[in-house]
Amino acid sequence: MKQYFLIIIGALLLVLPGCYYDVESELYPKNLNTSACDSTAVTYQTKVLPIIQANCYACHAGSAEGGGNILLEGYANLQKVASDGRLYRAVSHTGPSPMPKGGNKLSACDIETINRWIQIGIPNN
Numbered sequence: 001m002k003q004y005f006l007i008i009i010g011a012l013l014l015v016l017p018g019c020y021y022d023v024e025s026e027l028y029p030k031n032l033n034t035s036a037c038d039s040t041a042v043t044y045q046t047k048v049l050p051i052i053q054a055n056c057y058a059c060h061a062g063s064a065e066g067g068g069n070i071l072l073e074g075y076a077n078l079q080k081v082a083s084d085g086r087l088y089r090a091v092s093h094t095g096p097s098p099m100p101k102g103g104n105k106l107s108a109c110d111i112e113t114i115n116r117w118i119q120i121g122i123p124n125n
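All letters in the sequence shown, in the order written, are residues 1 to 125 by my numbering.
You may find that some hints are simply not true.
[To be verified] Computed beta-carbon distance windows for the label pairs:
id	residue 1	residue 2	range
1	A36	N77	42 to 50 Å
2	A58	L13	54 to 62 Å
3	L14	K105	43 to 51 Å
4	G74	S97	53 to 61 Å
5	A36	L12	26 to 34 Å
6	V15	I120	56 to 64 Å
7	L12	P50	57 to 65 Å
By construction, these hints were calculated from the structure, which means they are not laboratory data.
Using N, Cα and C, we set each Cβ at its ideal position, and we do this for glycine too.
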């Protein structure tokens, strides 16, 4: 009798967890923000400039004394560091001076946006 009781308890312990009901839409939401990064329509004015202003202008605008005399304010200044690869190496942390200095690395989307802008020829649009 005791042996049957242990077998029944063991079987219940194996079967009951399988009765748990999961809601598929909660487990696998269809509207994830994983594709929210649209780097297909990159423009200097609407995509790149806001990233640079928010993350770089504190040190690299105005006199740029705090930013190693590297001025990123204005298209011509940004174009110089973008065309020689310094901008991408800095924001992707693959160069000797990862930026923002002392701050968090830019988001993957921001880095991809900057990279795409460089790949399409650094247009002033």
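So, going through the hints one by one against the coordinates:
In this structure the hint that A36 and N77 lie 42 to 50 Å apart at CB is violated, the actual value being about 29 Å. Distance hint check: the CB atoms of A58 and L13 are about 59 Å apart, consistent with the given range 54 to 62 Å. For the pair L14 and K105, the beta carbons lie near 47 Å from each other, so the given range of 43 to 51 Å is met. The hint said 53 to 61 Å for the Cβ distance between G74 and S97, and at roughly 21 Å that hint is violated.
Under the hint 26 to 34 Å, the C-beta atoms of A36 and L12, about 45 Å apart, miss the expected range. Judged by the Cβ atoms, the range 56 to 64 Å given for V15 and I120 holds: they are separated by roughly 58 Å. About 59 Å separates the C-beta atoms of L12 and P50, a value consistent with the hinted range of 57 to 65 Å.
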